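Put the complex together from the two separate chains, hints included.
Protein chains in written order, with my numbering: chain A, 720 to 1002; chain B, 104 to 678.
These are calculated hints, taken from the structure and not from any lab test. No experiment lies behind these values; they were computed from the predicted model shown. Don't take every hint at face value.
Computed list of lysine-lysine pairs in DSS-like fashion (alpha-carbon distance at most 27 Å, straight line) [to be verified]: (1) A/Lys890 x A/Lys791; (2) B/Lys462 x A/Lys791; (3) A/Lys884 x B/Lys462; (4) B/Lys593 x A/Lys890; (5) B/Lys510 x A/Lys918; (6) B/Lys219 x A/Lys861; (7) B/Lys462 x A/Lys890; (8) B/Lys460 x A/Lys791; (9) B/Lys236 x B/Lys263; (10) A/Lys890 x B/Lys510.
Beta-carbon label-pair distances, calculated as ranges [stated by the list, open to error]: (11) A/Tyr868 x B/Leu430: 44 to 54 Å; (12) A/Asp731 x B/Lys336: 54 to 64 Å; (13) A/Tyr868 x B/Asp417: 32 to 42 Å; (14) A/Pro953 x B/Arg168: 49 to 59 Å; (15) A/Leu921 x B/Asp472: 33 to 43 Å.
For every residue, glycine included, the Cβ atom is placed at its ideal position computed from N, Cα and C.
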Amino acid sequence: MIKLKYTYVNVDSKVHNLNPIVKVLWITCVDVLAILVWDIAWLGLIFLSVFAVGLAANLGRRRLLDAMRPLKPLVIILLFSPSFILLPELRILSPNPSLITLLVEGVAYGITIALRFSCIIYSAFIFMMTTRLNDLAYMLVKLGMPYRYSFMIITSFRLIPSLEKYAENIKYAQLARGLNLDRAGILRRYFNFVKYTVKPLLISALRGSLTLAISMDSACFGAYRSRVFLNDVPYSKQDVFISAVILLIMTLSIYVIFTGRLPILFDFSETIRRLFYPSGKIV
Amino acid sequence: MSISIRDLWYRYPGSREWVLRNINLNINSGEMVCIMGPSACGKSTLLYLLNGIIPHALGGEMKGRVVVESLDTREHDVYELSTIVSLVQQDPENQFRTFTVKDEIAFGPENLLIPKHEILERVEQSLQIVNAKHLADRTMMELSGGEKQRIALAAALSMKPKILVLDEPTSNIDPKGAVELAQNLRNIRSKTNITVIIVEHRLDLFLWMSDRLIIMNEGEIVCNGAPRSVLQKYQGLLLKIGVRPPQTFELFDRLSNLGVINNSHYPLSIEEIEEKAEFFRQLFQSDFCVCTPVSSGRTSEGEVVIRVNGLTYDYPGGIRALDGIDLEVRKGEFIGIIGNNGAGKTTFLLHLIGILKPKSGNVSVLGMDTRTTPVSIIARRVGMVFQYPSQQLFEESVRDEILFAPKNFSMRENELYDRFKEISKTFDLEGLEDRYPQSLSVGQMRRLNLASILIYDPDIIILDEPFFGQDYGHVERIMGLLEKLNEEGKTIMIVSHNIVELAEHVRRLILFKDGRIIEDGPTRRVMNSMVDKEEKQYFCTPVCRLSRLLTKHAVLEAPTTVDEILSVLMRRRQS
Chain A
720 MIKLKYTYVN VDSKVHNLNP IVKVLWITCV DVLAILVWDI AWLGLIFLSV
770 FAVGLAANLG RRRLLDAMRP LKPLVIILLF SPSFILLPEL RILSPNPSLI
820 TLLVEGVAYG ITIALRFSCI IYSAFIFMMT TRLNDLAYML VKLGMPYRYS
870 FMIITSFRLI PSLEKYAENI KYAQLARGLN LDRAGILRRY FNFVKYTVKP
920 LLISALRGSL TLAISMDSAC FGAYRSRVFL NDVPYSKQDV FISAVILLIM
970 TLSIYVIFTG RLPILFDFSE TIRRLFYPSG KIV
Chain B
104 MSISIRDLWY RYPGSREWVL RNINLNINSG EMVCIMGPSA CGKSTLLYLL
154 NGIIPHALGG EMKGRVVVES LDTREHDVYE LSTIVSLVQQ DPENQFRTFT
204 VKDEIAFGPE NLLIPKHEIL ERVEQSLQIV NAKHLADRTM MELSGGEKQR
254 IALAAALSMK PKILVLDEPT SNIDPKGAVE LAQNLRNIRS KTNITVIIVE
304 HRLDLFLWMS DRLIIMNEGE IVCNGAPRSV LQKYQGLLLK IGVRPPQTFE
354 LFDRLSNLGV INNSHYPLSI EEIEEKAEFF RQLFQSDFCV CTPVSSGRTS
404 EGEVVIRVNG LTYDYPGGIR ALDGIDLEVR KGEFIGIIGN NGAGKTTFLL
454 HLIGILKPKS GNVSVLGMDT RTTPVSIIAR RVGMVFQYPS QQLFEESVRD
504 EILFAPKNFS MRENELYDRF KEISKTFDLE GLEDRYPQSL SVGQMRRLNL
554 ASILIYDPDI IILDEPFFGQ DYGHVERIMG LLEKLNEEGK TIMIVSHNIV
604 ELAEHVRRLI LFKDGRIIED GPTRRVMNSM VDKEEKQYFC TPVCRLSRLL
654 TKHAVLEAPT TVDEILSVLM RRRQS
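Just chain B, same shape as in the assembly (with noise of 0.2 Å):
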């Protein structure tokens, strides 16, 4: 056995709620158990139990017993236990000790007092499991939050543990770096009888080779067994507590569901499927053509409200941010900003509301030349919410965060007060009105951070990593507003990771590579023709590869929802 926890209730220290209640779990050695449930129901303070953390940094109340590797945690200090368990967090910034990435792997064996020798061995042979020897002699700043990643999990592989803990890996970079990370786990299985255990919101990277998936909701756990088992038989209440199955083991049990198949083995990823390609073109009866409308070129008839033209601006430093962008959108358009960490999205949103003046080119926004416009004056018409959800809070109240902005551009309370009722209801912040904001919970503020620029009603909305810390049910809640404000006539842009929510829900899809716009256009089309591209398939959802699979003829638009590939299957059924 490799894990044992019996009875176990904790506690932070000055806080009555117990964050997790009556756990009782066994893992055994070399398994793979992935962790899953709503924001704030107890996955990391589970994780942090397993090294020692808690309670020995952390403190708090804890009952019950947590045996690592024969090892009960409370008797053992973190350093004991940290030869045993090795964990790796999910801030890609902040969880490094040191400059340089062979420093950063070093570290761990340092501290151990290893021969230096043995230090360099590890350190090659950290490198590379996670595929990542060319990166050795880089500083740390020099990496993609993909490689920081890496670079952590090298690390951690280099205290040789027993355990491998992973919290969110994933969450802060891009699909490329997420896919590269699930690679590095499969190699690491591969090569190595590590028990590892991950918490992470991405199921389809890392459910499919996992051994089990344990479900916690409110600090208990409410399932445990073989992935798809639990994904079948707990699926209502899954998606009830905000937990999103894989979306080719949502197509399936729909399609299960509509008796257009019999087959309990649901693939759990794309993988899954192709590497039994020929069994599921059968499945779809192999004359299968998966074709949907051809997209018109245009997402929206409106007048154009941002016009960019040969936008080019440089980082401090000289390096070049943005090259040459050219863009225009029309009012009322809903677009997805996708590309790597890096690729310039960021920098790019930055000059549509003035805060970045171009190096050369021009911006304007709703007529408004950028380099001339105050940045308080395109605000109060361009609402943008930023990536890290505590640091644009800066009230001492919910009430005073969401009137922030609306004091500053000079309106008046008053007239406010039935909107506010409204915005605070819409995000789940009623009964908060007087909370400290940074007292929050993550998933609390990033709705906190929609509310504040959403109750000054502007015209055009701007949304960076807007699904950060949220779980689907409220993921689905922001997606569903947004469409609706969408559908009053704003105009939406949002840069985001997650494929599979931008594909159901925006109509346009921009790709950024290296400071460039390199793919633009409707949706289904660009995700269609990144398909078979190596660099450009991380954005592109499973059923979009899934239908270019199962479709032997070229077709433009391949579906890339459920809903659209469930719509085709039947007409042709129905036909």
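So here's chain A without its partners, still in its complex pose (with noise of 0.2 Å):
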């Protein structure tokens, strides 16, 4: 049996107790900051928050530190991506800039990028791991979404485990008859991705959807208008008080980022041309 990492860990914290709409504020404040904070320190401090909330969940640190093992490619690639690194804005900041520039602004780019995905993604994760997904069902249909359609996202999260495990299995049978993504060239390494994994992953979610379909089919999803919900989710004085700081959060960050009060932390271009080029610039 495969313990799966992204479903919801049933433990008891304040972080799991909160309303889902508190937590879905949170996430939002956290994707608002994280993409419109461009220094690389501050968004080390937002991924280090979301961190911390993970472990405010009692989600335990083992567990938490697993679940960024996925991150790892798409940073490996961010940093590391041509495109980013030769980006055309750059020779627009530096019209003849030297080969050193493009490569360390480049970097600075990847990097900051991969600090705003890591940080989108994780909050995400730790929102799956801390809200049982009937009630966010249950707040959206209060907001006034109808039920059908909040279960259609409450589905696609449900496939969310289907799909991990799916992949898993997929990625020990090839290795098991010899083959191995990992070790081809880039392109080769895409291309065999699609045709070795996203084929079958595709395949099996299909026939795990229609199975799915059957079984909601079966239980008179659907039937009428509006339906009943067991569970009532309280927002309570404390949900109110976490929402009015979040958004404070959210709208002073707003404030202070769009009328450039925001202090730079780091500059790694600079910190750089220190390291390398203590007497001059680089280029």
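So this is what it looks like as structure tokens:
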């Protein structure tokens, strides 16, 4: 039995007990800030804050570190992607840049994007590990969304653990028959990935979806305009307070960023210049 | 009348083949009906017709009438029919709609706009009927396969249906889970008047409590009647189309053919024998002591090909999966690995091919340390087939699929031509070489999986649940081939929940529990050592339990298969 990483973790914590809407607000706040901020240090702090929320949710350091694993390929690709290193915008910033300047700026850009995506994806992982999706569906319905649509969202989350398991099974089967996607060149790797992983994954997912669809139909899903929700998810005073705090942080941060008052904590290019070219500019 | 089917023909959208042909069937209220047949004979399709999934959701062309509790399924929507017919599917992973046990059971009643207090009552009652109150606060991911099926059953019951339909509910779960599910059904039958229709291969679990047995073949009903009479009357036909009777029935039938007994009331399960233990003791003559020669301790004298020392492995999140495994496997051994779902069997196999690396301890396969040897080098000599057939098919045609691994191992295609022909023939894949592998039936996919590893002639063959989706005929063919390969010196390891097949073929049995090996030895000895232990008796064949029941004196190795018990009996009678 393989233990899946991104499903609801059944432990008691204050984060678990928060109303799902508060957690959606939190994710929105993390995403907005991660997109607006360009400073690597600030992005690092946002990532650490997400990790801290995971710790507060009693998810355990080991599980949290383990949940970072899928970020690794993304980070590597973003860091070293030539499209970032030779980004045309950088040529505009510096009309005649040397290769080193391009490289340094490109790596700085890559780190920024990698951190940004990591914050967005990791916060979504924490959300999934701390939120019962039925409660989220219920809250969305309370906010006026038709329940069929809210369940559509839930169902897409519901399939994630299955997809995760299928992908693992497929990878193992490939390895056992002598195919190692990680060893080929980058283009060959992508081609093989689509051919040997995406296709069987999609077919398995479609088969799984059919079973799920039959199961939902067999339980009268969609028969009536509304439905009953067994669990009432209260919006407590604590939820109100935390929502207010999140909104306040988000508003203040947006104001500080757009008025240019956010202090620069770490200038990557400048640090590189000082390290390697203490006497002058890189260009 | 609960169900009435008249002149029913059905074919799927885009298909020219009729999946169901001229079906005529009546089922009375409160009846329990067991449906059997070879793979792809139309059993599941028939079930989908009962709750309106066909034609309303899956479409297709349908002729004839299906009337369920006076409702014509063509004229009534799925949601109307689903208050009458509840369905439990075979896949314990994908049929769940929610993430927690309570939400899952409440899902149907919530859709029916039932008041909350009543939903709570239904959840409680359903959990009680399936004996799963202790699971109420768990998430679905925390449950074993067997527990998941019990919750699926509870969710079906919470709809308060008049008809309960189960599609191979035990095919993905371990023997203990299957026995518990059978007990749940017995409980449901004793407390309610629900009509139960079950499609199942494991006849020993369900047939004895069924009122009727229906056998299907190629879309038609070929036999329909009381279970015992169907089995007695049509046994030849059943074996021909891939339906195997329960082991106890098979034994008594053969005894009858040999003239040893003259009793037409053949038992269908070990429970029936236990209920009439004295009668059977007399039948076998009171002094009948069943004993067979004691197996030698070692099942092969070959060199050690797999050596595992202190293997420990943790799942992500720190859960211990394997806990100090020590094992030696010799060349030419034929080993069965059993254990409940989640016991660590598959995780162990993944270590043998080097896909997973030990946290501590070491694994040596054919002299290669799995920690330092690339998987592709080990895989060339260790062929492994995994559990889910469709998730190990990658190519565009059956031919390319069979040649996929040899290409990866840089083997020359022209050298494989004869072997390819032979393998295609052996696995019934001739004529299918150009078919898209994912379009094959589950049974064909499984055979293709096996063909895809045997083509490159590995020294060690490891199979994880190879009988999944296979009817008896194909299971026997696979086992026959494995026996042949074993005789040629191949080392074979099979993980399976099919205890009867393992007892008949493997020579060494290993029982996993909670990441440890708790039993290991010659098959007969291991099974005998488990027969009296509550937690382990699910892994014993009915014949093994019968032999022990009939034996007055303690014996180390009572027979576990029909052939063994018959040979002992005949020997005694001759002497």
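A quick look at each hint next to the structure:
1. A/Lys890 x A/Lys791: holds (17 Å)
2. B/Lys462 x A/Lys791: Holds. B/Lys462 to A/Lys791 sits at ~21 Å (cutoff 27 Å).
3. A/Lys884 x B/Lys462: holds (22 Å)
4. B/Lys593 x A/Lys890: holds (26 Å)
5. B/Lys510 x A/Lys918: holds (20 Å)
6. B/Lys219 x A/Lys861: The hint holds at about 17 Å.
7. B/Lys462 x A/Lys890: It holds: about 20 Å lies between the C-alpha atoms, which stays within 27 Å.
8. B/Lys460 x A/Lys791: holds (20 Å)
9. B/Lys236 x B/Lys263: Measuring from Cα to Cα gives roughly 18 Å; hence the hint holds.
10. A/Lys890 x B/Lys510: With Cα atoms ~17 Å apart, A/Lys890 and B/Lys510 stay inside 27 Å; holds.
11. A/Tyr868 x B/Leu430: 44 to 54 Å: holds (53 Å)
12. A/Asp731 x B/Lys336: 54 to 64 Å: holds (60 Å)
13. A/Tyr868 x B/Asp417: 32 to 42 Å: Holds - the Cβ-Cβ distance for A/Tyr868 and B/Asp417, about 40 Å, lies within 32 to 42 Å.
14. A/Pro953 x B/Arg168: 49 to 59 Å: holds (50 Å)
15. A/Leu921 x B/Asp472: 33 to 43 Å: Once the Cβ atoms are compared, 37 Å apart, the range 33 to 43 Å for B/Asp472 and A/Leu921 holds.
Comparing the model with each numbered hint stated earlier shows that all of them hold.
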